[in-house]
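Chemist: Turn these sequences into a full structure, and let the hints steer you where they fit.
The opening residue of the sequence shown carries number 324 in our numbering; numbering runs sequentially from there.
No lab work stands behind these hints, which were simulated from the structure alone. Remember, it's a predicted structure, so these values are computed and weren't measured experimentally. One should not assume that every hint holds.
[Said to hold, decoys possible] Derived lysine-lysine pairs resembling BS3-like cross-links, with alpha carbons at most 30 Å apart:
| no. | residue 1 | residue 2 |
| --- | --- | --- |
| 1 | 425 | 325 |
| 2 | 325 | 427 |
| 3 | 425 | 511 |
| 4 | 434 | 330 |
| 5 | 510 | 424 |
| 6 | 330 | 427 |
| 7 | 430 | 510 |
| 8 | 328 | 510 |
| 9 | 434 | 328 |
[Unchecked claim] Derived Cβ-Cβ restraints for the label pairs, each shown as a range:
| no. | residue 1 | residue 2 | range |
| --- | --- | --- | --- |
| 10 | 394 | 355 | 22 to 32 Å |
| 11 | 510 | 340 | 15 to 25 Å |
| 12 | 465 | 445 | 17 to 27 Å |
C-beta: ideal position from N, C-alpha, C; glycine also.
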Amino acid sequence: MKNNKAKFLSRVGVLTAIAFVLMYLQFPIAMLFPAFLQFDFSEVPALLGTFSLGPLAGVVIVFLKNVLVYLIRGSFTGGVGELSNFIISAAWMIPVGLIYKKSKTKKNAIKGMVVGGLAMIVVAALSNYFVIIPLYAKIMPIEAIIGMGAAINPAISNVEMLILLGVTPFNIFKVTIVSLVTALVYKKVSPVLHR
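Modeler: Pasting the structure below:
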């Protein structure tokens with residue numbers, strides 16, 4: 324029992340460290356999405372942890388990754404960006420882990436990533452509308468936030484359009500790319516994660 328707990332904690336620790344470094348390397352995708360939406364591959368280690376250790380591991384990895392980023396790098400958004408990343412990443416990891424845990428097959432891995440990705444996209448839209456953008460508006464005028472979206476897509480003229488035409492396409496892009504990378508990497512690192 325103690326040995327299993329130690330293995331779990333050590334694997335979560337290593338995957339959290341990798342996720343932290345990858346989140347540190349975030350970048351905007353200029354000309355496609357508003358500048359405040361930063362792309363990174365930090366959910367790849369979280370998904371690897373979710374597949375190999377279960378949904379709790381994935382949620383712990385995304386939580387610790389965001390805490391580390393906030394404490395070590397600091398936050399350009401007063402913690403709002405990190406809160407958003409945690410909410411939507413946890414919404415992604417939980418369905419992936421629950422579906423894959425039932426039967427650890429390739430079919431369930433794909434099903435988990437699709438269902439988890441859809442959950443993430445829906446939770447991102449709702450959390451941005453009700454929580455995240457209102458919190459951002461306390462730091463920066465809402466017009467400036469909408470303006471960043473309008474700079475990429477002139478049809479973005481209000482919060483609803485920002486979420487529909489900015490946030491949602493970004494999250495579809497992110498889920499797709501990160502899921503593909505995870506699928507390519509998982510089999511190669513799976514033996515190490517299951518030792």
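Chemist: Against each hint, give a clear statement of whether it holds in the structure.
Modeler: Going through the hints against the structure:
1. 425 with 325: 25 Å, holds
2. 325 with 427: 24 Å, holds
3. 425 with 511: 22 Å, holds
4. 434 with 330: The hint holds at about 27 Å.
5. 510 with 424: Judged against 30 Å, a Cα distance of about 16 Å means the pair holds.
6. 330 with 427: Holds, at about 20 Å.
7. 430 with 510: Satisfied, since the Cα-Cα distance of roughly 14 Å is no more than 30 Å.
8. 328 with 510: 23 Å, holds
9. 434 with 328: This hinted pair holds, its Cα atoms lying about 28 Å apart.
10. 394 with 355: 22 to 32 Å: 31 Å, holds
11. 510 with 340: 15 to 25 Å: With Cβ atoms ~22 Å apart, the hint holds.
12. 465 with 445: 17 to 27 Å: 23 Å, holds
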